[in-house]
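Protein chains in written order, with numbering that gives the first Met the number 0: chain E, 0 to 465; chain F, 0 to 496.
Derived from the structure by calculation, the hints contain no laboratory data.
Heads up, a few of these hints could be off.
Claimed, not checked - Simulated pairs of lysine to any residue, SDA-like, Cα-Cα distance not exceeding 20 Å:
no.: 1; chain 1: E; residue 1: K461; chain 2: F; residue 2: P243
no.: 2; chain 1: E; residue 1: K40; chain 2: F; residue 2: N351
no.: 3; chain 1: F; residue 1: K203; chain 2: F; residue 2: W79
no.: 4; chain 1: E; residue 1: K40; chain 2: F; residue 2: K322
no.: 5; chain 1: E; residue 1: K306; chain 2: F; residue 2: K409
no.: 6; chain 1: E; residue 1: K401; chain 2: F; residue 2: V475
no.: 7; chain 1: E; residue 1: K40; chain 2: F; residue 2: T348
no.: 8; chain 1: F; residue 1: K361; chain 2: F; residue 2: K409
no.: 9; chain 1: E; residue 1: K337; chain 2: F; residue 2: V485
no.: 10; chain 1: E; residue 1: K171; chain 2: E; residue 2: I257
no.: 11; chain 1: E; residue 1: K401; chain 2: F; residue 2: V485
no.: 12; chain 1: F; residue 1: K361; chain 2: E; residue 2: R265
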Amino acid sequence: MNRRNFLSGSVLGLGATALSGLMNDNNLFNNDLQLPHFAPKAKRIIYLFQSGAPSQLDLFDYKPKLKEMFGQELPASIRGEQRVTGMTAHQKSFPLAGSKFNFAQYGKGRIWLSEILPYHQQIADEMCVIKSMHTEAINHDPAVTFLQTGSQQGARPSFGSWISYGLGSENKNLPAFCVLLSRSNNGDQPLYAKLWNNAFLPSEHQGVLFRSGDDPILYLKDPKGMDKFSRRDMLDALAKLHKLEIEQTLDDDLNSKIAQYEMAYRMQTSVPETLDVSKEPDWVFDLYGKDARKPGSYAANCLLARKLIENDVRFVQLYHQGWDQHGNLPSEISKLAKDVDQPSAALILDLKQRGLLEDTLVVWGGEFGRGCYSQGKLSVDNYGRDHHPRCYSIWMAGAGVKKGFTYGETDDFGYNIIKDAVHIHDYQATVMHLMGIDHERFTFKTQGRRFRLTDVAGKVVKSVLA
Amino acid sequence: MFLTEFFGRLHPLLVHLPIGILLFAFALILFQRFQKVEVEVAISFALLVGSISALFASAAGWFLVQSGEYDADLVFQHQWMGIGTAVFSMAAYFIKRIRDILTTMSVCALIVTGHFGGNLTHGEDYLFPKKKSAPLQMIPALDSAQQEVSKVSPMELAKTNQKSSVQIQVNTEKAQRVKTRFIFRDEILPILEKKCFSCHSATKKKGGLRLDTEEFILSGGKNGAVLTAGNPENSSIYLSMLLPEDDDNHMPPKGKPQLTPQEIAFFHQWIKQGASFREETKIFLDSQEEKLEVTENKPVHVSAPKSVVSPAIVQDVEGSILKNKMEAVPPLLLNQLKLQNIIVSNFGTNSNYLMVNFVNVKDYRSSLIDDVLKLGDNVVRLRLSQQPVSDSDIKKLSGLKNITRLNLEKTAITDLSLKYLKDLPNLEQVNLYGTNITDNGLLELANCVHLKMIFLWQTKTTTKGIEQLKRSLPKVQVELGGAQFVKPDTIKTKNID
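The shape of chain E in the complex, shown without the other chains:
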């Protein structure tokens, strides 16, 4: 006789199940995890993930020394023991490649920005740039997985799933964790659904991917010939069957299943309503750029992100693919910057005027940085950059973070961090903190141990908190 049979078979079991049902009804707030731990500064997150690793040296981290020493070898003392990828391991020479682009300082915080981010320059007063991010992974998939789940190997819940599980959704008609994808070219580094997976958390906390076009979520619409009422009847009958099964097995996954069927039903109306941009006035498209009219573009996704946040969605995850510039970096990065510069900045302005930036946190950044030496042939106008995990830059804006602020410093070569390093787990701990969660206390027990997003590490970076 196993535990389940014992519980369901005995009087005690009946009593206990009845009691737990009662307790759930009396569940005071959205969850019974006793979250948030403390008063949150941010209630929602928009994560603008720049997949492929944007070059910090051509966007944020201004290094005049690299221009000065253009073409000279990267000193061995700087490189140290750092492993390089197979793509540059064969290179006999590591010539320093200063950025082709001009930099200047903007806003009250004198934030350094490259000339290819002209719209960012206009929101510099809202930005909090961290120049000292570093990671352990050196290739895309493990690095993205690390950033999203706190572990390079995967099979752990995504950041958004943790937040959804921990804080629940304010808007009961939309998923707490929404995912939007866009790309610049075909053939970019791929992304997988595991990145927004719930792993061992209850499955309703999986990120819901919104596709571009008429059918944002597949199979959401009723099939031809089925009306709303039959759908409702079908769901009611199905729920009854599920509940019968739950009584037999006490399997919690079935509760998740019921929750997801119901969510899908509610989304049949809420999703088309929320994602409809046809009523947005023209000036919105001027603000986000004309790409915003093109479904599936980064600009369109930024606009959708605003609409989702306006409806109190907890975690909106965007991915923009295409930053992996091993060669022809100057021309490639200009193109990518053009794709994301205006929409990212527009999102900040738009949230601000609606008062949403007061309790929404926006994060912009990739999975690692790019090296200061050229991959492939270096010329005055052209160079490439290989992966570089030792330092890179991201920025945040909005609820709870300092405005017009730069944190962390790298050396003159932009190779090593010399001040205020921020590890991936530190960054995750900090975002959790902004959401009112103590990352060390927020755990989920499975397979005999307690797991958390920050694994066994992570320190809140207090200096970036407003």
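Fit chain F to the given chain E structure using the hints.
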């Protein structure tokens, strides 16, 4: 010296051994008697180990008393009962004939010892809280309700210090408002009683410091005086409250109930004005001084060394509200709101303050506001965005005094609503974008003194109205929205090189 002190400090640990072991010996005796089994060997052994541990505990206790942190009278009973326990248990081990009686006596002595010991550590009213008594007999009973005296000069007031309320005409040019009050008895003493006495009074005098009579406060502790009348920055009693909680010298120590900013402000005020233990007179020379007055629910500016307390923390109205204790809302009420699709979330595990959100409400009606009103002062943020909220609904909100953030964007409110907002004294942020308000309404907000942020995008307000408002609220930030970018091709990039 160090060793004996260390051994003494082991006392609280050691005492648990005899308690456990002797009680177990006693249990064995009962067991033997009623179950008719033979466990004499075990009883002997338990009594031996128990009595030896009692001996050690007593010795450690004796060394602890030498530290001088405990009151000799109170320790007396505890000490001798403890020694008695050890003696009786030892006797029980050796004299087998009357072992039952001796063990019973030892256990009785043990219980009494334990009780006295508990009183020493946790305070006498820990187990049976006494009704409030006035421990300070030294204060002359004076009628000192706050009294207002007008036009009194400090000189003359000093002459008439026996009478608290006298009208005196003086011919000084400036009319002065004078208030007399007994700040020590009314404000300071209750704080000391509540948060300091447990370690600094008759029962326990940590650091050689007692705070329960005037003489003791003035004579200070091992490290010298704690109070410099008139100079809070030089009074360690005040400074220790300001240190970061992690600091070893912070008082009350980490983990004990802390002083609120308001209570700290009282100390500052009291010391600044001479730290009098008797009736005290305060003279307001100008209105600036008056601002030091502490009123309930208002954040207080604590003047302190800048490195220690940042004034920004105190300026944060929401933050200071969240620090105040608040009763929880009945779960039934929360459930009722949940059923109406009103989202209520809290400010953390230990907070009973609430954020209320109407995002899921599809069929808005005024009665929903009435339901929210039942939450009362627990509500700190309210989000009514995009609901057809009317002016009369806003009028009702005056019942929610602790609201700091109010979202009314895209609602049906008019200027009339803004007039009602002045009944929300703690309002810090109000979102009015997409409403029909005009400059007239905007000016009503001048009464919301804590207002820091207003969202006015897509309203009928004008820059003229905003400028006028800023005259009353110079620090308020206004978000006008509608920002469009400067097109990049029109920007001249500044070349660094």
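Taking the hints in turn, this is what the structure says about them:
no.: 1; hint: E:K461 - F:P243; in the structure: holds, 16 Å
no.: 2; hint: E:K40 - F:N351; in the structure: holds, 17 Å
no.: 3; hint: F:K203 - F:W79; in the structure: holds, 19 Å
no.: 4; hint: E:K40 - F:K322; in the structure: holds, 15 Å
no.: 5; hint: E:K306 - F:K409; in the structure: holds, 15 Å
no.: 6; hint: E:K401 - F:V475; in the structure: holds, 19 Å
no.: 7; hint: E:K40 - F:T348; in the structure: holds, 15 Å
no.: 8; hint: F:K361 - F:K409; in the structure: holds, 15 Å
no.: 9; hint: E:K337 - F:V485; in the structure: holds, 15 Å
no.: 10; hint: E:K171 - E:I257; in the structure: holds, 14 Å
no.: 11; hint: E:K401 - F:V485; in the structure: violated, 24 Å
no.: 12; hint: F:K361 - E:R265; in the structure: holds, 13 Å
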